[in-house]
Each structure stands twice: as C-alpha cells, then as structure tokens.
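A.B. asks: Just so you know, the protein sequences line up as chains A and B, in that order. Note that this note's numbering has the first sequence beginning at 1, numbered continuously upward. Note that this note's numbering has the second sequence beginning at 1, numbered continuously upward.
Hints listed in this document are in silico derivations from the structure and should not be mistaken for laboratory results. Treat the hints with care, since some could be wrong.
[Claimed, not checked] No more than 20 Å apart at the CA atoms, straight line, and that leaves these computed lysine to any residue pairs for SDA-like:
#1 K172(A) with E234(B)
#2 K172(A) with T262(B)
#3 K347(B) with R412(B)
[Said to hold, decoys possible] Partner residues are not named here, just some residues of chain A that face chain B (Cβ under 8 Å, in silico):
#4 P254
#5 S430
#6 G431
Quantities reported herein were computed from a predicted structural model and do not represent experimental measurements. Think of the CB as a built atom: it goes at the ideal place given N, C-alpha and C, for glycine as much as any other residue.
The residues making up each chain are set out below.
Protein chains: 2
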Amino acid sequence: MSRSIHFADRGQRARTAASEPDVLDALRATVGAENVLVDAQKVEPYAADALKEKFPPEAVVLPGSAREVSEVVRLANERRFPVTARGGGVGYTGGAVPVEGGIVIGTDRMNRITEINADNLYAVTEPGVTTYALQQAVEAQGLFYPPDPASYKNSFIGGNIAENAGGIRSAKYGVTKHYVLGLEVVLPTGEIVETGGRTSKNVVGFDLTGLMCGSEGMLGIITEATLRLLPLPEATRTVRATFRTMSAACACPPAFTRARVTPVAIEVLDHSSIRAVEAEFAFGIDPEAGALLLVSVDGHPEEVERTSRVVEEVMRELGGYDILRSETREDEDRLWDVRRALSPAIKKYGTLKFNEDVVVPRSRVPELIERVEEIGRRHETFVVNFGHLGDGNIHVNFMCDRDDATAVRRARAAVRDTFAASVELGGTISGEHGIGYVKAPYLGMALDAATLETMRRIKRALDPRGILNPGKMFV
Amino acid sequence: MSRSIHFADRGQRARTAASEPDVLDALRATVGAENVLVDAQKVEPYAADALKEKFPPEAVVLPGSAREVSEVVRLANERRFPVTARGGGVGYTGGAVPVEGGIVIGTDRMNRITEINADNLYAVTEPGVTTYALQQAVEAQGLFYPPDPASYKNSFIGGNIAENAGGIRSAKYGVTKHYVLGLEVVLPTGEIVETGGRTSKNVVGFDLTGLMCGSEGMLGIITEATLRLLPLPEATRTVRATFRTMSAACACPPAFTRARVTPVAIEVLDHSSIRAVEAEFAFGIDPEAGALLLVSVDGHPEEVERTSRVVEEVMRELGGYDILRSETREDEDRLWDVRRALSPAIKKYGTLKFNEDVVVPRSRVPELIERVEEIGRRHETFVVNFGHLGDGNIHVNFMCDRDDATAVRRARAAVRDTFAASVELGGTISGEHGIGYVKAPYLGMALDAATLETMRRIKRALDPRGILNPGKMFV
Numbered sequence: 001m002s003r004s005i006h007f008a009d010r011g012q013r014a015r016t017a018a019s020e021p022d023v024l025d026a027l028r029a030t031v032g033a034e035n036v037l038v039d040a041q042k043v044e045p046y047a048a049d050a051l052k053e054k055f056p057p058e059a060v061v062l063p064g065s066a067r068e069v070s071e072v073v074r075l076a077n078e079r080r081f082p083v084t085a086r087g088g089g090v091g092y093t094g095g096a097v098p099v100e101g102g103i104v105i106g107t108d109r110m111n112r113i114t115e116i117n118a119d120n121l122y123a124v125t126e127p128g129v130t131t132y133a134l135q136q137a138v139e140a141q142g143l144f145y146p147p148d149p150a151s152y153k154n155s156f157i158g159g160n161i162a163e164n165a166g167g168i169r170s171a172k173y174g175v176t177k178h179y180v181l182g183l184e185v186v187l188p189t190g191e192i193v194e195t196g197g198r199t200s201k202n203v204v205g206f207d208l209t210g211l212m213c214g215s216e217g218m219l220g221i222i223t224e225a226t227l228r229l230l231p232l233p234e235a236t237r238t239v240r241a242t243f244r245t246m247s248a249a250c251a252c253p254p255a256f257t258r259a260r261v262t263p264v265a266i267e268v269l270d271h272s273s274i275r276a277v278e279a280e281f282a283f284g285i286d287p288e289a290g291a292l293l294l295v296s297v298d299g300h301p302e303e304v305e306r307t308s309r310v311v312e313e314v315m316r317e318l319g320g321y322d323i324l325r326s327e328t329r330e331d332e333d334r335l336w337d338v339r340r341a342l343s344p345a346i347k348k349y350g351t352l353k354f355n356e357d358v359v360v361p362r363s364r365v366p367e368l369i370e371r372v373e374e375i376g377r378r379h380e381t382f383v384v385n386f387g388h389l390g391d392g393n394i395h396v397n398f399m400c401d402r403d404d405a406t407a408v409r410r411a412r413a414a415v416r417d418t419f420a421a422s423v424e425l426g427g428t429i430s431g432e433h434g435i436g437y438v439k440a441p442y443l444g445m446a447l448d449a450a451t452l453e454t455m456r457r458i459k460r461a462l463d464p465r466g467i468l469n470p471g472k473m474f475v
Numbered sequence: 001m002s003r004s005i006h007f008a009d010r011g012q013r014a015r016t017a018a019s020e021p022d023v024l025d026a027l028r029a030t031v032g033a034e035n036v037l038v039d040a041q042k043v044e045p046y047a048a049d050a051l052k053e054k055f056p057p058e059a060v061v062l063p064g065s066a067r068e069v070s071e072v073v074r075l076a077n078e079r080r081f082p083v084t085a086r087g088g089g090v091g092y093t094g095g096a097v098p099v100e101g102g103i104v105i106g107t108d109r110m111n112r113i114t115e116i117n118a119d120n121l122y123a124v125t126e127p128g129v130t131t132y133a134l135q136q137a138v139e140a141q142g143l144f145y146p147p148d149p150a151s152y153k154n155s156f157i158g159g160n161i162a163e164n165a166g167g168i169r170s171a172k173y174g175v176t177k178h179y180v181l182g183l184e185v186v187l188p189t190g191e192i193v194e195t196g197g198r199t200s201k202n203v204v205g206f207d208l209t210g211l212m213c214g215s216e217g218m219l220g221i222i223t224e225a226t227l228r229l230l231p232l233p234e235a236t237r238t239v240r241a242t243f244r245t246m247s248a249a250c251a252c253p254p255a256f257t258r259a260r261v262t263p264v265a266i267e268v269l270d271h272s273s274i275r276a277v278e279a280e281f282a283f284g285i286d287p288e289a290g291a292l293l294l295v296s297v298d299g300h301p302e303e304v305e306r307t308s309r310v311v312e313e314v315m316r317e318l319g320g321y322d323i324l325r326s327e328t329r330e331d332e333d334r335l336w337d338v339r340r341a342l343s344p345a346i347k348k349y350g351t352l353k354f355n356e357d358v359v360v361p362r363s364r365v366p367e368l369i370e371r372v373e374e375i376g377r378r379h380e381t382f383v384v385n386f387g388h389l390g391d392g393n394i395h396v397n398f399m400c401d402r403d404d405a406t407a408v409r410r411a412r413a414a415v416r417d418t419f420a421a422s423v424e425l426g427g428t429i430s431g432e433h434g435i436g437y438v439k440a441p442y443l444g445m446a447l448d449a450a451t452l453e454t455m456r457r458i459k460r461a462l463d464p465r466g467i468l469n470p471g472k473m474f475v
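Based on the sequences and whatever the hints tell you, model everything.
C.D. replies: Here it is in structure tokens:
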C-alpha cells in the first residue's frame, strides 16, 4: 500500500472476514470463480481512483446481475465485512476506494444498455456502461443525455449517479440527478428495491431515487438505472474571448441572463491557467489576460446563429477581446482545445495535484479567486483556477511535489483555507466530486451538527451494520 | 366531522395531548395567543383540502418563524401529539389534513419573499408565499420559476415542495424538485437543519433536499426554500388541434421529439372531455373528435414562430384538423379557455369527483384511456380524461353523486381498477398529487414490500415518535 496523502498514516489495515476461505468460496459460488479476484496483481487496478492512493481490497467481486450483487451483499452483512462498489474508478474523492478493506464490487460486467425508448424519452442501462457509450448510443437515435463529467470517456453511469456527477453542460442542463427517473438498487441489507419508474412525474412515496443520487455508494448499490433523455440539439456554437480581469469575465453570465440566453456551458480559465497553457502549447492567447471564457450555445441552427451573436456582443460590451466564434464543428473543437490542454499544461508544476471543486454563487467567483490566490501565496503553493463559471463551480488546483512532505502539508493547508473561503462566500466544499474519504475531514465546515446527524440517522436506518463503503463522508 | 368518502368510517377520533390546557398555554406562549386558534369556526378552514373531507384539528397554530415552528414541534414531540403542516390547503390527497387530530401548523404568516437574486438565478422564500406571487415577483425582474400546478393561484411554495408539485409546463421544465436548491427544515424532533444551498451544484453529504421534496410533510416542515430560476422566455405560442382518435393525437409527442422540438406543454382532452365542454360552453369544437391537443412552445420570438409552425405541421401530418395557432397573447389565452372550462363543465355529472392523476409512459396513454373507459362502463360511472400528455400524466375524473353510497362505492372500485391498469401499463398511481391518506390504501399496488419498508425505516429514523403527519402514505 502506498503512502496516503490524505490520511494520516493508517499503517496496515486489519484483514476482515472477506479474507476467510469459506467467504471466498461462497463468493465464488455466487458469481463464478473467474469473477472473484484475490491475486495482488489482479486486485491492484481496483485499489485506487484518479487520486492514485492505493488501498487494495481483499478481493474484487465482479457480479453479472442484481441478484448476484444482492447475494454478495447479504453475505457481507451476515459476516460483517466492508463492501465498496466501483464504477469506472475515475473519482477524485475516493468514493470507490476500499479504505477499510473488505471487497470491491466491480460493475464492469454489468455493461449493457437494455433499452433506448425514443417515444418515451428514456434509456434503461446497467451501471457499468460508460457515460460516453450511453451518449453515443442515444445520439445515434437523435436523442441526448446531457450530463457530461470531464471523465465521461471512462466514468460509469453507476458512478455518475452515486456521485451525482456534474460537468460542462450543467449551466443549462443541470446535473445527473435531474436525469434519473428510476433505479434498481441493492440495499446494504441485501434487498433489491425499485425506486421511481419510467415516467418523469412520479410522487409515490418518498423520493428514494433522489436520496440514492449522490449517496456515494453508502446507501445502496445501483444495479440498473432509467434515465431521462431529451431530443438531441441540432447545432452548437462556441464563442471564446479573453478579458483583462476576472471581474470583467464574471460580469458576463448575468448579462446573458438579461439577454434571455442560457448557454449550455460557461467555462472560465484564470490568469495562471492561461499562462500555463500558453507556456506549454502557445495557442496565441494574450498571456496578460486576466481570464478567458468559453461559452457554448445549442439548439436549432438559426437559433444558435442568433444566440451565439448575442453572446459575442455581450462579451464585447463587457470588455472581451480576441473574440472567436465557431462557424463549424471543427472550429468549435479547436476553441475547446485550450480547455483540454489545461491538465497536461499544469503537470510540470507538481507531481501531486490537489484538484478541489468548490462552488459559490457565481457572482462571488472573482472574490473566491482573489482569496484562493492569496491563500496560494501564503502557503507558497502554485495554484491554477478554472472551471464551470455558469454555476460557480471552480476547480482549484494546488500543485506540489508528492515526495516533499512539507510542500504537501502546505498544499493541504491551502485546501482547508479554500474550503473555508468557499463556505464564507455562501458556497460549499464540493460541486461535483463528492466527499468520499478525501473531504470527509472537512464535512463539518459545510454542514452543521444537526444536518450531519440527520444523514447519519439515515445511514444507520438503511445500513445498520455499516458494511457499505465505510470510512467515507462521516469521520 | 363530515362523513369521509375515502376512509371507512372512523367514528370520533380520540383527543390528543394537543387539547390539554397546559399545551395550549405553551403554544400561545410560543407564537402569541392570537396565533393559536381553537374555536370550531376558526379552525374549520384548516380542516380539509380540495377534497372537502373535514378533519378539524384540535388547534391551529400560526408560527411566524422557523424558531417558533421548531419550538412547537419540540413540544409536540415531548407530549406526543400529531402535527400536520399546511400550505394553501389545495391538495387532492389530504397531505395537509389532520386525520389523526392534533394541531395544524399553518404557514400563512410566513409569506415573505426574502431575496430575488438575478445574478445568481435564485430566490429565497418563506413557505407561505403562493406559487403565483412568486411567479409574479420573479417575472417582474425578467426571471422565471417554471413549476405551475393548476392550483398555482392558491397553492403555497411550501406545499408545492412537500408534494413535489408538477403542472402544465413540466413537459419541458420538469417538476418542483428540479428547482429546489436548498431548504431550511424543522425536523420531527425539532432541530432546524439547512439542506443544500444557493448553488445549483452541491454534492456535500446525502441529498436531504431531494428527500424532503415530495415527502408530504412527514419528514420535516419546510420553513424556507431557495429556488432555482431561469431567464424568462420572451414569447410563447400555442397551437390547438382536434384529432379523430386518441391514438392519432398521441402520435404527436414522439413526432415533436423527432423534429427536435420540446414543447413547454402538451395537454390533451379526450372525447368525453370535449363533449362536456362543448355541451356547456359551445366553443365550436367538433363534438365527434376523439381528442384535442393544446401545445405550447416558448423562447425567442423568432424561435417560437419557427417551432410553433413545426408543431402545426406535425399535427396536420398526423391527422390534426381545425388547427388554430396563436398570433398574440390574447389568441393564446382564448385557445386555453377550453382547458380552463373543463372543471366547471364536468360539475353537472356528479357532486363528487374522484380526480386521480395516474401516470404512464406517454406512448401508453391511448391504452390507458381505452381501459379507463372500459372501467367506467363496467362500474357504471361517468369518466372524463384530460391532462399532461407530454409526460403521460393523465387526470382521470370519475363523477358520482356524493350522497349515493352505491355510486360512491362503484366510483371507488373504478379508481382502484384504474390504478391497477396504470401500474400494468408501466406507470404508477400518482404523477403530481401524492399519496396522503387518500391513496395510502393503494400504495402497495405501486411499491413492493422492500421499497415500502425502506421508506418506513427512513420515517422512523427521522420521526421516532411518529408525530409528523400521521395517517398518511403508510397504512
């Protein structure tokens, strides 16, 4: 096990009942011997998420059906060993990482799209389908599944729902939970329940579908999802502009609202982000710019022609310069290259990136970024900020050297101060990454004791033995 | 107390601790003597909802703040008397009706809109504001709050959230829960908690906001809500058409999707509805028509000109006739008159209306309506069907004479058969009215035992003494 950046060193974890031979035999009998992995090498890919902090499970179990998931969970509940469900394993807060050992249930084999219903605008899918595969499959039928986390090529739908994933298009289309009509879920006690249904209106009992969205695998394991679809917009256009200051850029979203335009995406790069991508890729962006905006609109071709012009005019009036407006899909792709170049461009500033996704009301973004820059200076840590200005969800990236314990400590302190600033500015500590084990120590900064206790009561009510994804959210 | 149509006769309810003089004194001390009503006459308006089945509370308490609500609930929890929260009292399933006695907490005095934030697209409001007042207030600033239950002039925002209200615009804009960013809630044990926040992205802990939406006043009392707003669409257009058959009309929504148009509203009237409004108001609609569609689009004036023409063309191609397309706001109002005329038009078919809001995937609506007509014939009960075709949410209205016990029994049997048909067709028993006490006996038709038990566990976890809105949902 590698040294943990986020935990104080835990030392070797105790093995749980999941390692007992009779348990392993029972798991093999349930899912087939070939679908229970115990060799260190085979288990290793299931030990970490995008953070690459490794917590190898005692076994990886790969069920093929809800019934098999149910049997595995029943056994875990009986023998009291931890179960952590895993989708694509591309999260940033460790939701899929078995920090207290036990087994990982990988949903890799449950990867069929069962139904795409154009007449009724829904799709039914197993949890192991990637976001990208679902998007492609529905788009082939002229339909649209809007949620698009940055990791969409590798993230699984089950993980998207468990984390209530956001993404770039949420300025117009909202987040994953707005597209979940119904779920099949295996509860921590092993029962298979059906929540919601196949209709967009459904007020029959408490909204368990809503409760499961964003519950980070702590209240149930999603084995099937019914997702709401929209007609596929026929066209998109993107406008890119630079601004002298972050404040000038941040004046744009309210001006779009006044112009009655709701862009699909309003992405921002701060000064440091611009310099980092320019230094590495030389896009020709003014390195003195205080901010860069990427704004997309979608709809009928005539409508996007009009709205993209409105966007362009608004940005020009508010001080935007070097404005580029896409005419073709290829143009548009090129405009977005700068956003995609960010992650590679900042790699040289550190081997360890604390990628935090704080969120504030969007008018507070300039204050947030000022404060983050001050925090970075104070803790001598390089920071770049970019992200989803349309909904105030900013990715704050503190960079440091993974092997420099002092630098890691400084970066950690900067993260804590950033969370405090976000809460002070009327926001919170996560817009789309979730809490997991990484942000668990900070949950109390965002939620008061009564709210936390309410969540704990729900957890205890559904998972009395605490077997499902322990070590997350509450510490 | 009037005779109950929905309950088997319960006889006189036992009085609870709410009637004890020391409890009443404590309530008066908390909210002021003038805000505790006990006289039969003053209490009477709080005894029923739109169904007019009267269950007078022992007292009505009208708090002015979350703190006062909290104190009242703490007392109720200590002395174990029922508390039922009430908004506008315009529901159809008795969610606001104190069927087991105790007190009603009326939110009438908590009727201020605290903030309308155009830059960040949210409003903060107390629960006692009517949907209409909120809509008007935000529209005055060029903003838009989409949910619009039919009762919007009298319904309260608190009730809308507690019931997850739908409405006519949900074909495009979804339902109330899609617009709730955060809540202040008094829990059944008296704590005041804050859920969610003021940002559209927020994944910090379990989604208590989502859980509270549609929880029918059984998990908490909403004392403040932060609601997501959109820019106000600049224009709307409506197209009305009649069709020979319901199947022909129901072919339109998928065709709109294929044409990449998402109407705001797709409302349908069946043959009986058309005949009823024609008999009463003589709009000049073909009385032999099998269905009438009202389809609205919104957006920029140029865009609605285009999309309303697409809607018109689609309807014509699919057999629509007598097609009218609004040019002005007055035109549009006139087209919608037929929908508004429905309730008054069907009154003469019975003094008692069982207004059920079943929902099925929209392609199954023709089958649903065929089956409902057969059910009406079999139980010798007049039925009209109309509603929200865009999301398959059909209002099935069985009419009978309130004083004819046999007719009421027949209508009740027809309702049960309709629920069974909806579930068989892949739908459920309520799209927007909720369960309350009225549909509680049927909940088991829609939900399996494990799902119901999960809901009960959540209820017990948050309300261990069962004081909040007892007698609802679970029976």
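A.B. asks: A separate judgement is required for each hint: does it hold in the structure or not?
C.D. replies: Results for each hint:
1. Distance restraint check for K172(A) and E234(B): the Cα-Cα separation of roughly 17 Å lies within the 20 Å cut-off, and the hinted pair is therefore satisfied.
2. The hinted pair formed by K172(A) and T262(B) meets the criterion: a straight-line CA distance of about 15 Å does not exceed 20 Å.
3. Simply put, K347(B) and R412(B) have alpha-carbon atoms about 18 Å apart, close enough for the 20 Å limit, and the pair holds.
4. The beta carbon of P254(A) comes within 4 Å of a beta carbon in chain B, closer than 8 Å, and the hint placing it at the interface holds.
5. The interface hint given for S430(A) is met, as the beta carbon of that residue sits about 5 Å from the closest beta carbon of chain B, less than 8 Å.
6. Because the beta carbon of G431(A) sits about 4 Å from the nearest beta carbon in chain B, less than 8 Å, this interface hint is met.
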